[in-house]
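Asker: Now for the letters of each chain:
2 protein chains.
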Amino acid sequence: MTVTLSDVAARAQVSPATVSRVLNGNYPVAAATRERVLKAVDDLDYVLNGPASSLAAATSDLVGILVNDIADPFFGIMAGAVQSEIGGPGGRAGGERMAVVCNTGGSPERELTYLTLLQRQRAAALVLTGGALEDPAHAAAMSAKLARLADAGTRIVLCGRPPLEDSGAAVATLTFDNRSGGRRLTEHLLALGHRRIGYVAGPVERTTTRHRLEGHRDALAAAGAGNTGHAGDADQDELTVHGPYTRASGYDATLELLRRAPDLTAIVAANDTVALGAAAALRDRGLRIPDDISVAGFDDLPFSVDAVPALTTVRLPLYEAGARAGRLATGAEEAPPGGVATIAAELMVRGSTAPPCR
Amino acid sequence: MTVTLSDVAARAQVSPATVSRVLNGNYPVAAATRERVLKAVDDLDYVLNGPASSLAAATSDLVGILVNDIADPFFGIMAGAVQSEIGGPGGRAGGERMAVVCNTGGSPERELTYLTLLQRQRAAALVLTGGALEDPAHAAAMSAKLARLADAGTRIVLCGRPPLEDSGAAVATLTFDNRSGGRRLTEHLLALGHRRIGYVAGPVERTTTRHRLEGHRDALAAAGAGNTGHAGDADQDELTVHGPYTRASGYDATLELLRRAPDLTAIVAANDTVALGAAAALRDRGLRIPDDISVAGFDDLPFSVDAVPALTTVRLPLYEAGARAGRLATGAEEAPPGGVATIAAELMVRGSTAPPCR
DNA sequence: TCCTGGATAGAAAGCGCTTGCTATCCGCTT
DNA sequence: AAGCGGATAGCAAGCGCTTTCTATCCAGGA
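Chains D and G, in that order, give the protein sequences.
The numbering of the first sequence is our numbering, which starts it at 181 and goes up by one.
The numbering of the second sequence is our numbering, which starts it at 181 and goes up by one.
Any given hint might turn out to be false.
Calculated lysine to aspartate or glutamate pairs in the EDC-like style (CA-CA distance at most 20 Å, straight line) [what the hints assert, rightly or not]: (1) K325(G) to D315(G); (2) K325(D) to E276(G); (3) K325(G) to D223(D); (4) K325(G) to E276(D); (5) K325(G) to D222(D); (6) K325(D) to D225(G).
Just so you know, these hints were derived from the structure itself, not from any lab.
All chains, please: the whole structure from these sequences, using the hints.
Answerer: Structural data, given as structure tokens:
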């Protein structure tokens, strides 16, 4: 029924071992023999049995990529970059590695389950993208699982995530400088003259959310007057609304902010998608951007430059980071010293921010 | 070193067979025994060896999803939907299936290579998304490969692709009605009074490109005066520019169209991303949308409603289609009669189209 | 009391491949 | 001319699991 290695061997009049060696190309085989084997493979339309190979060789060529939301370009761009580097069919390395993109939907359980599934497959490497959850129990579970995987020889790369706290595991980390990106963005707004700035934050329990928000408040504190700067400060809390990283959240939160503080002159969003929702809400309320109110985002996703007016935002080099993560995953690049590299964020000033006119 | 089934068996004082049965849960095991086994699994932190299972059972729980560009929400949305349905950790079925998203980058070779890789892994099912290449040789190769896979028991689903021509293989197909979507869009423009309509098409060799363009020309032909309607008609060719499905292509093509025919009153783009580029080019040229010129896209990606003005486009139910493909892939849903279901496209009229004023 | 059969558990034969070790063949060196 | 070692090829032992077939146990029926 299905063609096996021995069938090929029989047809080429060699032993199965020889066929295996021709196919894996890591052992000398005489040119003539190789030809014969290759021809037999072709004649029989033979395809190696992956599970059998992996079992026998105790290795696999799967590379897992965990993302929060595959429909979000933020993750899509990174995943694509990883994939181009890891040497799958599309990869530069030209190997036969296969990237497995796993969609956690931001759920901690799924994240863990996927980790187990990948562990089952004896994945060669793992790239985790996106912010982590700030839940000690979950963090511990993740660390433990990752440590196990690392011990088993799986290379682990965190891309756009904060470094693991405790785990002594060898994990390469590429972390975005969300905090200073957030700070610079707000500094820009302050420099323009804004004083009352609303902030539409991401989900409370995410590290990314917290870091960006901290950057924002750092800037305010540095600029500022006594009571505006301290995290947890009542006034600042008043001007901050949390929600998921979605357009709808940006829309609703903006309406809420306007209700709380009609005198806002700027709104900073947790990311570009949220900013789009915020802009829509402002338009619907008849406010002009940036004349009546400024808007800023974060990430600089491809569509941000096409918003009207173009969105001021903080650019994260997603593709570059993903590519580097891919290289780290394959061992094509050395891990950064200390295991952690911080990736800088760049402020992109565009049309959606301007000096306040009131 | 690594814990195996027998280790667990030894600890639970049962045979490896029993452990396997507990883990797979398809054979009666006394409750007490099961408990003991589960406890041993837990104590030892045992994780099943995927390759070994797949080899022994001659099946796998991998589901492959082929996409052209994972960074493009068009594919991301479908892939996400497939993934939610196939019962991975995030899936409703709650199984342990694992979705493998493979990025072909639109390259025929990579497509074929990924197919081989998935065949190697003995994938349980395969979902191919995106338009196909109109190259007879490649189409034949794909058909052959898919037929082989289907024979081997892999369920094949085409999502948003034209049905396979020749292959007698059992393949379920969900195809978008690009042609009538394209037709309806252009009819809308014609009804508004537009007569000189530029068309920024996708890459020539893609079925999607051709179908949308044919719909466009069908509408012109039906509406129309002698020489404007026939495909291949010189005048129409003059008003059509091909390029990739990118923003940049939309930008450049629009400039080119404006050069060729400064009297255009509307531009139809191959998809929303291209439309965004077109709109940017028009703005840069100082043309107002829709006052001076109308713009329309295709797909209705999430950002389209946030364009300013909101983009008139053709909505493709990407999520629904992906979800259905996922169900077909797991066998949770019956294949449509004849194996092919056509998915309707819906015209979304928004602010970017208006009657011409010249 | 003996037999029958349902419910569990175990023994063991692979699944298809990789790889360490061994065997063979030759052309050279000594 | 005998001996050697490099270059190839084959043997065979698993890799860790699933699954068929068989064994055992015990309750209930005859």
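Asker: Determine for every hint whether it applies to the structure shown.
Answerer: Cross-check of the supplied hints:
Distance hint between K325(G) and D315(G) is fulfilled; the C-alpha atoms sit about 15 Å from each other, no more than 20 Å. For a cut-off of 20 Å, the pair hint linking K325(D) to E276(G) stands: about 18 Å separates their Cα positions. Among the hinted pairs, K325(G) with D223(D) is consistent with the structure: their alpha-carbon atoms are about 15 Å apart, no more than 20 Å. Proximity of K325(G) to E276(D) is assessed by CA-CA distance (about 18 Å); at most 20 Å being required, the pair is judged to hold.
Restraint check: the Cα-Cα separation between K325(G) and D222(D) comes to about 13 Å, which is no more than 20 Å; the hinted pair holds. Among the hinted pairs, K325(D) with D225(G) is consistent with the structure: their alpha-carbon atoms are about 10 Å apart, no more than 20 Å.
The structure fails none of the hints (numbered hints given earlier).
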